[in-house]
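Q: In case you want the letters, here they are:
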Amino acid sequence: MIFTLAKKNTLIVEDFAEFARSVRAMLHSMGATDVEIVYNAEDAVEACKRKKYDVILSDYNLGPKKDGQQLLEELSKNGHLKSSCIFLMLTAENTTAMVMGAVEFQPDGYLAKPFNGNLLKSRLQKASEKKHVMESVNRAMSNRQWQQALDEIKEVMPKNKKYKMSCLRSRYKALRELKKYNEAFELASEITSQRAIPWAMEAVGEIFYLQEKYEKARDVFRNMTKEFPMSLEGYDWLAKIQQQLGEPLEAQATLQKALEKSPKALQRQKTLGAVAEQNNDSMVMTQAYRNAVKYGKNSAFASPDEYIKLTSAISQQLSKDDNTDSNRLINEVEGLFVNLEKNFVANETTSIRSNVAKAGFHKACNEDDKAEKYLQKTEHLVEKLEEQITPAVSLELNSALSKLGRDELAESILDEAIQQNLDDPEFISKAAKLSNNSELIAQCKQASQYNLKAINLFQKNNYPEAIKYFEGAHKLSPHNINIGLNYVQVLLKQIQSNGGDLKELPVAEKILGKLPTLNGEDSRYARYSELNRLVQLMVQKTSN
Amino acid sequence: MKDNSESIFNMVLASTVHDMKNSLSMLGESLNLILSQVDPELLDEKTKDYHGVVQYESARVNNSLMQLLALYKFENEQLPFNPSYHNLSDFLEEQKLRHIPLLDAKSIDCEIDVDEEIEGIFDECLLSTVLENVIGNAIRYTKSAIKISCSQQQNTVIEIADDGPGYPEQMIVLAGDYMHGINQSTGSTGLGLFFAKKIASLHKHKEQIGCIRLSNGGELGGGRFELIIP
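Chains as they are written, first to last, in our numbering: chain D, 1 to 544; chain G, 1 to 230.
In short, the hints are calculated from the structure, not lab data.
Take the hints with a grain of salt, since some may be wrong.
As the list claims (entries may be wrong) - Stretch by stretch, here's where chain G covers chain D in the computed footprint (C-beta under 8 Å, at least three residues):
#1 13-20
#2 153-165
#3 184-198
#4 228-234
C-beta atoms are modelled at their ideal positions from N, C-alpha and C, and glycine is treated no differently.
Using the sequences and the hints, build the whole thing.
A: So, in structure tokens, the structure goes:
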């Protein structure tokens with residue numbers, strides 16, 4: 001299969017205009033007729049919104065804003081790339097570091113400058129061949145159809161020795177997602193028993209972790225950081241396991257080591273910030289979130305989190321009166337609040353977090369009046385609140401509001417989160433330590449058990465028994481949306497299997513009516529919508 | 001946490017390298033474009049020679065840059081090393097492609113002799129940089145032909161042979177052991193071989209460590225460079 005650029009759309013993303021033109025000339029000599037040039041990532045995103053390109057050649061360095069990798073991430077994340085698009089990253093330096101990091105969004109290849117037309121052609125040809133051969137596998141993988149992917153790999157691998165490693169890598173991922181840990185382990189350890197290949201080493205450690213063999217996992221990742229000191233995944237895993245094993249100080253040191261080697265990593269800086277917070281190390285926490293804000297500037301993965309956390313870390317510093325540069329810090333925090341509003345669309349949760357953070361900040365500056373103003377705003381917002389607050393944010397708000405003396409508000413936010421997330425044992429155990437409502441915790445644990453039991457019965461088609469347990473769970477935790485939806489679903493199933501006996505219908509209607517509101521973006525909204533529709537249909541039948 | 005000035009230097013280094021590479025790319029491409037517009041009949045030997053010089057020298061500067069950068073990172077434990085399985089035929093074909101403009105300009109014949117099926121385990125990017133330098137040198141010193149070959153028994157051996165005058169005795173003995181001062185006649189600082197040896201040694205398996213070997217004679221009768229990796 002000969003690769004041709006003749007009918008293909010190509011986009012060049014390159015800040016150095018002369019070089020862009022020379023690349024275009026190379027493409028023309030390969031028969032390309034439709035070649036566009038943009039000079040930065042932002043324009044590239046706009047171009048990709050308008051047109052789906054077949055080939056994109058992007059420089060990694062694109063000036064002061066988004067770089068090539070960030071561009072790729074944004075395009076991938078927002079679905080602007082067609083699956084057959086070949087994305088080559090043009091780089092000035094050694095590409096190995098990039099190959100090792102950012103595993104999720106990888107270009108189809110890297111090309112180090114300077115290169116000539118022959119090399120470019122060869123690379124495009126190779127990338128095109130590989131994409132073609134691996135098409136069915138890649139499609140199954142990106143649709144998360146793991147068994148399908150395994151079947152495709154079985155077909156493709158024997159006929160294509162060239163792509164054996166890629167196939168094995170995908171096979172590993174599919175097995176892991178299917179929770180076939182033993183097979184996944186065998187695959188990875190067979191490779192590492194022959195040679196030390198970074199991704200396979202990481203895979204071995206990952207399986208140990210998933211099997212909760214934490215000590216073994218730690219050994220693997222310790223070795224990995226020794227043997228491949230620039231493989232940052234090794235440090236990330238090691239830190240994660242050290243936390244799991246109750247070694248938060250070691251985890252912090254590990255993350256700091258990784259960041260020395262590669263500071264520009266948004267997620268890693270945030271993780272360090274969180275670990276440092278746990279360790280009450282406000283200096284490190286502050287610097288980490290500062291870096292997160294800085295490096296998040298051009299990333300599609302930036303979020304209000306790092307801004308809120310940073311204001312909170314600096315406020316903590318300000319509340320210790322021995323500050324010589326408090327003016328600078330105050331300016332910094334004020335700047336952060338401004339940028340927070342500028343850069344992110346304010347949803348209900350972010351507004352609440354922001355107001356609480358502002359209250360905390362003014363309190364730290366001994367401006368009690370202003371603090372009070374923001375606390376009242378917060379109360380107002382919480383009252384009106386329709387969306388669900390995530391577990392992590394509920395812990396943050398509970399802690400901040402307690403410190404600000406608003407115990408009732410703190411408790412009510414936490415209690416609601418406990419009810420909504422009773423099937424998240426990690427969160428419940430953290431919340432249990434903070435909540436004054438031991439009865440609630442006990443109720444939620446019980447509700448969770450009933451819910452699981454009921455689901456089991458439902459799967460065995462034992463609807464009457466399932467209904468009993470869902471009823472019990474719902475009584476204990478009437479706000480929990482998942483339980484409510486499960487309960488309604490079983491009731492409807494019961495009605496259907498009873499040949500139309502509608503005695504359960506009013507119950508179903510009542511439950512749906514009393515559930516907390518779901519907004520359109522909640523993943524359960526579709527389910528809620530559908531159940532509501534069915535209930536309404538049946539209600540109409542009875543009134544006829 | 002590490003000193004801030006170090007990371008500033010890293011950034012300056014990275015952006016300067018980026019800038020220099022762009023310039024070099026432009027030099028090379030511009031020249032190619034100019035020459036492609038000239039009727040080949042009108043190109044005399046001297047012009048072709050100069051074309052070769054520009055290609056060769058800019059490739060050398062670029063390559064030296066890469067090696068310096070890599071060595072700097074190596075000294076600071078910041079050199080990423082990512083070994084993986086690679087098809088050697090594909091890899092070596094690509095190395096040849098990098099030099100096609102120069103090979104054509106100097107009418108040098110470049111043969112590749114590798115079994116299509118064999119794979120090696122190495123860091124593709126780092127070995128690319130090494131071979132680019134070695135092949136570039138071979139082109140500089142050869143008379144008319146270069147041969148790139150690869151064999152595999154216990155180790156993977158990549159060999160670059162030319163039909164030029166061969167390596168001076170001193171080089172063969174030192175084989176990258178240390179960088180000597182600038183050799184006035186050849187302009188060589190030994191950076192290339194020093195780098196090659198360092199990169200080879202990163203490739204380890206059990207007790208075996210990668211290395212390089214220089215010799216004279218070989219199939220083409222000139223210099224012979226061997227890169228041996230486990």
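Q: May I ask which of the numbered hints given earlier this structure violates, with the numbers listed in increasing order?
A: Violated hints: none; all satisfied.
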